[in-house]
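Taken in sequence, the protein lines are chains A and B. Residue numbering for the first sequence follows the numbering used here, starting at 1 and increasing by one per position. Residue numbering for the second sequence follows the numbering used here, starting at 1 and increasing by one per position.
Check before you lean on any hint, since a few could be wrong.
[Stated by the list, open to error] Subject to a maximum C-alpha distance of 25 angstroms in a straight line, what follows is the list of computed SDA-like cross-link-like pairs (lysine to any residue):
no. : chain 1 : residue 1 : chain 2 : residue 2
1   : B       : 176       : A       : 161
2   : B       : 176       : A       : 154
3   : A       : 122       : B       : 181
4   : B       : 77        : A       : 99
5   : A       : 71        : B       : 190
6   : A       : 122       : A       : 139
7   : A       : 146       : B       : 77
8   : A       : 146       : B       : 153
9   : A       : 47        : B       : 63
10  : B       : 176       : B       : 153
11  : A       : 47        : B       : 198
12  : A       : 47        : B       : 83
13  : A       : 146       : B       : 84
14  : A       : 47        : B       : 39
15  : A       : 146       : B       : 39
16  : A       : 146       : B       : 198
17  : B       : 77        : A       : 96
18  : A       : 47        : B       : 5
19  : A       : 222       : A       : 83
20  : A       : 122       : B       : 131
21  : B       : 39        : B       : 131
22  : A       : 122       : B       : 5
23  : A       : 71        : B       : 77
24  : A       : 47        : B       : 61
25  : A       : 146       : B       : 181
26  : A       : 184       : B       : 86
27  : A       : 135       : B       : 176
28  : A       : 25        : A       : 232
Hint data in this document are derived by calculation from the structure and do not stem from the laboratory.
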Amino acid sequence: MPSGVASADEIQVAVAANFTAPMQKIAEEFERETGHKPLLAFGTVGKFYAQIRSGAPFEALVSSDQDTPDKLARDGLAVADTRYTYAIGKLVLWSVAPGLVDSKGDVLKNGAFQHLALANPKLAVYGAAGQEVLKKLGVWDAVQSKIVLAENITQSYQFVASGNAEIGFVALSQIIGPGGKIEKGSAWTPPADLYPPIEQDVILLSRGKGRAAALALVNYLKTDKARAIIRAYGYQL
Amino acid sequence: MPTAEDFAAIWLTLKLATMVTALLLLLGTPIAWWLARTKSWLKGPVGAVVALPLVLPPTVIGFYMLLAMGPYGPLGKLTSLLGLQALPFTFQGIVIASVCYSMPFVVQPIQNAFEAIGERPLEAAATLRASPLDAFFTIALPLARPGFVTAAIIGFAHTIGEFGVVLMIGGNIPNKTRLVSVQIYDHVEAMDYTRAHWLAGGMLIFSFLVLLGLYTRRKEKGDV
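Same shape as in the complex, but just chain A (with noise of 0.2 angstroms):
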């Protein structure tokens, strides 16, 4: 086969778990398109910082951070001006009870649970937004006996989703429904000055250098089509 602009390509990329669902919307968006076709990987970036440094064979971080892909860029493992802001993330207050999370948040305060659901502050950003937000809220002591920390952001939503532990952090993208609302159990959404925003970056690797489809993948979450997908999730721009 000829190889030239038209030709397809495939493209590996690793992307955070809070943005899987959006993802996989962009990336169908996206084939269409251009008729390249994304890979997609879902995890922790902490996970896949490791992968990459050791040779995984990604082309582009869609990260949930801005840390990792800073960091890659300096080890030289990613190329450093195609980083950009392509969503902010929101942190919702989750239960699957109806009315058990009031509308301020006021149940973690009041104590009527017995497990509440985090990422583990250490590996995910979301995790360590809900530590923030219980800081400032002045509970984070209180509430100590009762967390239960999951690996990212994906486990927080199954530790609640299940009934396992009756509240718990999730991102907005997750429990989102298709009119924009949380048409599930009980919520509560944080306002933005009790956690620093959760500013979710994308960065072209160093493997997919001089590949124009992984480029092109990177600037596709810039355009509008992927905005009002991006948006749809509850994420801000």
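Following the hints, put chain B in place on chain A, whose structure we already have.
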């Protein structure tokens, strides 16, 4: 150097493996005895259920345990009916999960040892008017002793190496469910490779020594 948290994880892991091994020897022996002796058609299905953890990915076991132990699952409903604490995110929970998960590693060596004894010593005991229980304790158990030692060592070592199931139902709680394997995973994910090396290297040496002991012993004694 390993920190206090790392030592807490090591201590918890040893505690878990000891309890699980003791429970499995108690529970596994009658199961192994029955499997070795029975002519029932149930032998196949029961043996298959016991062996399931050998082939199932830990994610499958962890996923179903999380659902079964949760408030909407059968086990979860049972514990709440009995007024007991729910099992996920507790030490008891990972003990039960580990017992299921390590079951074949204990039952199978014991079963093999029982089968190797054959009918004759027990028939001889019966002609001497030993009750079946008597024959079990004075003939079968001593003869199967090497199988028990193998079972205990592998059961212990396998429980120490457990990761996937505990990760899914444990909730990573210090002194309750944060085992060494989980702690290593956290260190790696947090890019703290120095601490990861201490624990991971320790696990490697420990596992090698256990297996070395097991295989050297086998060679000397010609065990099953």
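Structure-based check of all given hints:
1. B:176 with A:161: 22 angstroms, holds
2. B:176 with A:154: 22 angstroms, holds
3. A:122 with B:181: 17 angstroms, holds
4. B:77 with A:99: Roughly 22 angstroms separates the two Cα atoms, so the pair holds.
5. A:71 with B:190: The given pair, whose Cα atoms are some 13 angstroms apart, holds under the 25 angstroms limit.
6. A:122 with A:139: 19 angstroms, holds
7. A:146 with B:77: 21 angstroms, holds
8. A:146 with B:153: It is violated: about 35 angstroms lies between the C-alpha atoms, which goes past 25 angstroms.
9. A:47 with B:63: 21 angstroms, holds
10. B:176 with B:153: Since the Cα atoms of residue 176 of chain B and residue 153 of chain B sit roughly 23 angstroms apart, the hinted pair holds (cutoff 25 angstroms).
11. A:47 with B:198: Given that 25 angstroms is the threshold and the Cα spacing comes to 19 angstroms, the pair holds.
12. A:47 with B:83: 40 angstroms, violated
13. A:146 with B:84: Between residue 146 of chain A and residue 84 of chain B the Cα gap is close to 17 angstroms, so the pair holds against 25 angstroms.
14. A:47 with B:39: 50 angstroms, violated
15. A:146 with B:39: Violated, at about 50 angstroms.
16. A:146 with B:198: Not OK: residue 146 of chain A and residue 198 of chain B at ~29 angstroms, beyond 25 angstroms, violated.
17. B:77 with A:96: 17 angstroms, holds
18. A:47 with B:5: Given pair residue 47 of chain A, residue 5 of chain B holds - Cα atoms ~22 angstroms apart, limit 25 angstroms.
19. A:222 with A:83: Judged against 25 angstroms, a Cα distance of about 11 angstroms means the pair holds.
20. A:122 with B:131: 61 angstroms, violated
21. B:39 with B:131: This hinted pair holds, its Cα atoms lying about 20 angstroms apart.
22. A:122 with B:5: 14 angstroms, holds
23. A:71 with B:77: 47 angstroms, violated
24. A:47 with B:61: 23 angstroms, holds
25. A:146 with B:181: Holds - the C-alpha atoms of residue 181 of chain B and residue 146 of chain A are around 22 angstroms apart, at most 25 angstroms.
26. A:184 with B:86: 23 angstroms, holds
27. A:135 with B:176: At roughly 24 angstroms apart (the allowed maximum being 25 angstroms), residue 176 of chain B and residue 135 of chain A satisfy the hint.
28. A:25 with A:232: 11 angstroms, holds
Violated hints, listed in ascending order, are 8, 12, 14, 15, 16, 20, 23; each of the other numbered hints is respected by the structure.
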